[in-house]
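Undergrad: Okay, here's what each chain looks like letter by letter:
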Amino acid sequence: MRLLAAGVNHKTAPIGVREKLALHPDHQAQVLRKLVELPDIVESLILSTCNRFELYVVESAGRADLLVEDLVAQAAGVGAAVVQPHLYVYENAEAAQHLFEVASGADSMVLGECEVVGQMREAADIARGARTLGTVLTRLTDRALETGKRARSETSIDQGCVSLASIAVSLSRQICGDPRRTTVLVVGAGGTAELTLQRLVATRKVFIANRTLSRARGLAESFGGHAIPLSDLYEAMVEADVVVASTHAPHPIIREPEMRSVVRARGARPLFLIDLAVPRDVDPAVGNLENVFLYDIDSLEGSIADALRGRESQLPRVREICGEAAEEFWTWAASLDLVPTLLQLRERAEAVRQRELDRALALMGELTPRQQKHLHLLTKRIVQGLIHGPLDRVRAKAANGDGAAYLSVLRELFSLDESSIEPGDRAPVETEEDADE
Amino acid sequence: MSSLPGLLALPAAAYLVSGTLYLWRVLRRSPRAGTWGAIAALAGALIHAGVLVMRLAEEPRAIAAGVADAASAISFVAVVCFLIGERVLGIGAMGAAVMPLAFGGLLAGLGSSVGAREIPEQLRNPWFFIHVPSALLAYVAFAFAFAAAALYLGEARLLRSKRIAAVLGTLPPLDQLEHLMYRMAAFGFLLMTVGMGTGAVWAEEAWHRYWQWTPKQSASLVTWLLFATYLHNRVIRGSRARSGAWIIIIGFVSCLITFLAVGLLRQDPHRFL
Chain A
3 MRLLAAGVNH
13 KTAPIGVREK
23 LALHPDHQAQ
33 VLRKLVELPD
43 IVESLILSTC
53 NRFELYVVES
63 AGRADLLVED
73 LVAQAAGVGA
83 AVVQPHLYVY
93 ENAEAAQHLF
103 EVASGADSMV
113 LGECEVVGQM
123 REAADIARGA
133 RTLGTVLTRL
143 TDRALETGKR
153 ARSETSIDQG
163 CVSLASIAVS
173 LSRQICGDPR
183 RTTVLVVGAG
193 GTAELTLQRL
203 VATRKVFIAN
213 RTLSRARGLA
223 ESFGGHAIPL
233 SDLYEAMVEA
243 DVVVASTHAP
253 HPIIREPEMR
263 SVVRARGARP
273 LFLIDLAVPR
283 DVDPAVGNLE
293 NVFLYDIDSL
303 EGSIADALRG
313 RESQLPRVRE
323 ICGEAAEEFW
333 TWAASLDLVP
343 TLLQLRERAE
353 AVRQRELDRA
363 LALMGELTPR
373 QQKHLHLLTK
383 RIVQGLIHGP
393 LDRVRAKAAN
403 GDGAAYLSVL
413 RELFSLDESS
423 IEPGDRAPVE
433 TEEDADE
Chain B
5 MSSLPGLLAL
15 PAAAYLVSGT
25 LYLWRVLRRS
35 PRAGTWGAIA
45 ALAGALIHAG
55 VLVMRLAEEP
65 RAIAAGVADA
75 ASAISFVAVV
85 CFLIGERVLG
95 IGAMGAAVMP
105 LAFGGLLAGL
115 GSSVGAREIP
125 EQLRNPWFFI
135 HVPSALLAYV
145 AFAFAFAAAA
155 LYLGEARLLR
165 SKRIAAVLGT
175 LPPLDQLEHL
185 MYRMAAFGFL
195 LMTVGMGTGA
205 VWAEEAWHRY
215 WQWTPKQSAS
225 LVTWLLFATY
235 LHNRVIRGSR
245 ARSGAWIIII
255 GFVSCLITFL
265 AVGLLRQDPH
275 RFL
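First to last, the sequence lines map onto chains A and B. Per the working numbering, residue 3 is the first one in the first sequence, and the count goes up by one each step. Per the working numbering, residue 5 is the first one in the second sequence, and the count goes up by one each step.
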């Protein structure tokens with residue numbers, strides 16, 4: 003049995019290629035079912051997001067000649083030549099480790115992001131619906147989600163704000179407290195203002211100030227805010243807690259002398275000013291006023307870069323966590339192949355033991371229950387002592403990837419493939435003869 | 005004198021560990037350190053409660069028997085209030101100030117508890133049950149106002165220098181700290197006013213004088229005036245938070261002088277406290 007992971011991501015393929023591979027969720031189930039109809043492919047899973055297209059399959063025969071790029075190309079519905087130059091392929095424990103790292107956000111474009119967790123859950127649901135998720139991939143996806151959670155809680159790979167919107171929201175919460183009691187004033191009614199508002203809608207009250215009042219009204223309507231003319235800007239500033247400025251004005255429109263009186267009127271309440279405009283809308287001197295916290299686009303982007311560096315420093319630890327989990331997973335998965343053989347071997351040994359024990363008991367005549375019990379234990383211990391060590395070692399070999407060779411040797415040596423005719427058939431005959439005597 | 009004060013070394017050690025962990029939580033942004041800090045504080049408070057109960061069984065008016073017992077009692081109240089506040093308001097970062105103060109309170113108490121002292125006859129008076137608890141609780145409220153003010157100043161400075169990562173998720177919202185500082189100062193001021201009023205009435209009964217300008221009374225008056233100034237500015241003039249935070253910090257230092265330094269001078273009727 004082999005676990006294969008193959009695909010392309012934002013690091014190996016440009017967007018032009020990823021676009022071609024992207025698979026609509028509606029078609030995914032159909033593609034997954036087609037994959038398991040192929041010879042020796044028993045399970046399949048596709049993770050298709052805007053940053054990656056990855057195929058996970060379980061292949062039962064361990065065929066070395068399997069053309070992985072064909073498989074991926076077929077799944078994506080493109081020619082193999084499109085995929086091949088960008089393809090990465092992982093096998094077994096490494097394949098598991100790769101999926102675990104993806105789930106931890108360690109392979110994402112924005113490190114530590116957690117959108118991928120939802121996407122992975124969705125991919126698993128689709129595969130489950132298509133009945134292509136077997137024992138191995140079910141466990142693999144469960145472990146991936148668990149490991150992603152663990153990596154995020156044990157390291158700080160998801161700490162710090164890494165987008166303008168999230169940093170604006172977090173900072174406004176940090177400075178002004180509960181968003182439900184926060185009043186937001188947006189200066190300018192362009193695209194940036196709209197984007198910011200989408201993230202700040204949960205606030206108590208929204209003012210939108212704009213040079214052309216009609217545009218402010220339009221935006222105010224869709225967000226349930228109040229449109230005000232620019233001339234009322236400073237009045238609204240007294241009430242507001244968070245001010246987001248993003249106009250196209252060539253000169254600062256929020257000036258220091260006017261802000262002095264605004265700050266005086268506000269008393270002890272802090273004011274959070276976000277200046278997203280270039281050239282700036284807020285005179286930098288305003289940032290020196292007491293209780294005013296002014297952030298322009300440079301200071302916000304600076305802290306985003308800091309946060310990303312902080313996340314990057316967590317990568318080795320995340321990889322370590324994923325590696326441990328992958329090892330554990332693969333030890334389990336590799337022993338799956340052995341399970342039927344080991345069971346068979348154990349049954350065979352038990353049959354021999356039982357047969358010989360019955361025979362001996364019949365020959366020995368009357369025994370006390372205590373003697374019978376000890377005889378029973380003795381035979382059991384001999385059998386266990388003989389097969390336990392070798393079986394453990396075979397299990398360890400399987401985890402290292404040599405399982406198939408040892409398995410075939412085991413089956414050969416104990417002639418397990420001969421459907422247990424020889425020893426099993428002879429035994430009852432002998433026992434009956436013994437009993438007849 | 006019993007051996008009970010010696011037992012206070014146990015909660016003192018727990019508070020020291022807890023305070024260190026809370027400082028670690030704020031400075032190194034480690035939430036796990038905060039969790040362990042809370043556990044240490046809780047363990048210390050449980051032992052502390054046991055010692056206090058035994059002490060009160062020994063002598064119901066013990067909290068006025070000396071700085072040691074009073075400091076021990078208010079440290080305990082402060083720790084319990086903080087643990088509740090951490091749960092309810094999410095103000096765990098304040099442990100970095102409150103827990104070292106609680107440790108300092110026990111330590112100062114331990115240091116001054118040498119030598120037995122009788123509880124004086126004057127204290128056997130009903131006013132005792134209003135004057136002493138309200139004065140001591142006022143100190144606890146001021147300690148919280150101080151912790152909030154210190155955090156406020158630190159957080160405002162970090163936000164101003166754009167060190168966002170040091171603040172986010174580690175410190176409580178700035179606005180919340182300002183409110184907490186205001187409420188604690190107002191609450192403490194109210195209690196202190198009650199304490200000083202009842203003290204004056206009691207003094208009149210005991211010594212036939214309302215006010216004697218003893219060191220303790222004078223220092224109390226300074227503290228009271230400082231907090232009155234802060235509240236006046238905050239309520240009437242709507243002052244900015246930063247100057248207010250500084251007044252609170254000075255007010256708390258004055259409060260410490262009132263409580264410890266003057267209490268240790270042992271020259272006035274308050275020598276027991």
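No lab work stands behind these hints, which were simulated from the structure alone. Careful: at least some of the hints might be erroneous.
Unchecked claim - Facing chain A, a subset of chain B residues (Cβ under 10 Å, in silico): (1) T24; (2) R33; (3) M58; (4) L60; (5) E62; (6) R164; (7) K166; (8) P177; (9) D179; (10) E182; (11) H183; (12) R241; (13) R244; (14) S247; (15) I251.
Note that the structure is a prediction, hence the values are computed from the model and not measured. Just so you know, even glycine gets a beta-carbon here, dropped at the ideal spot from N, CA and C.
Undergrad: Min Cβ distance, B:L60 to chain A: is it shorter than 10 Å?
TA: violated (40 Å)
Undergrad: B:T24 was flagged as interface toward chain A. Is the shortest Cβ-Cβ separation under 10 Å?
TA: violated (21 Å)
Undergrad: Closer than 10 Å between Cβ atoms is the bar; does B:H183 clear it against chain A? Give me holds or violated.
TA: Holds, about 8 Å.
Undergrad: Would you settle whether the hint for B:E182 is holds or violated, based on the nearest Cβ-Cβ distance to chain A being less than 10 Å?
TA: Hint on B:E182: holds, closest Cβ of chain A at ~6 Å, below 10 Å.
Undergrad: Does B:D179 pass the interface check with chain A, least Cβ-Cβ distance below 10 Å?
TA: Holds - the Cβ of B:D179 comes within 10 Å of chain A, reaching about 4 Å at its closest.
Undergrad: Hint check: is the beta carbon of B:S247 less than 10 Å from a beta carbon of chain A?
TA: Cβ of B:S247 sits 8 Å from chain A, so the hint holds.
Undergrad: So, as I understand it, the hint says B:P177 touches chain A; can you test that by seeing if any CB pair is closer than 10 Å?
TA: holds (4 Å)
Undergrad: Just to be careful: measuring from the Cβ of B:R241 to every Cβ in chain A, is the smallest value less than 10 Å?
TA: holds (8 Å)
Undergrad: Closer than 10 Å between Cβ atoms is the bar; does B:R164 clear it against chain A? Give me holds or violated.
TA: Because about 7 Å separates B:R164 from the closest Cβ in chain A, which is inside the 10 Å limit, the hint holds.
Undergrad: Tell me if B:M58 is really an interface residue toward chain A, meaning its C-beta lies closer than 10 Å to one of theirs.
TA: violated (42 Å)
Undergrad: Given a cut of 10 Å on the nearest C-beta pair, is the interface hint for B:R244 held or broken against chain A?
TA: At about 4 Å, which falls below the 10 Å cut-off, the nearest Cβ of chain A leaves the hint on B:R244 intact, so it holds.
Undergrad: Using Cβ atoms only, decide whether B:R33 comes closer than 10 Å to chain A, and label the hint accordingly.
TA: holds (8 Å)
Checked against the numbered hints given earlier, the structure breaks hints 1, 3, 4, 5 and 15 and satisfies all the rest.
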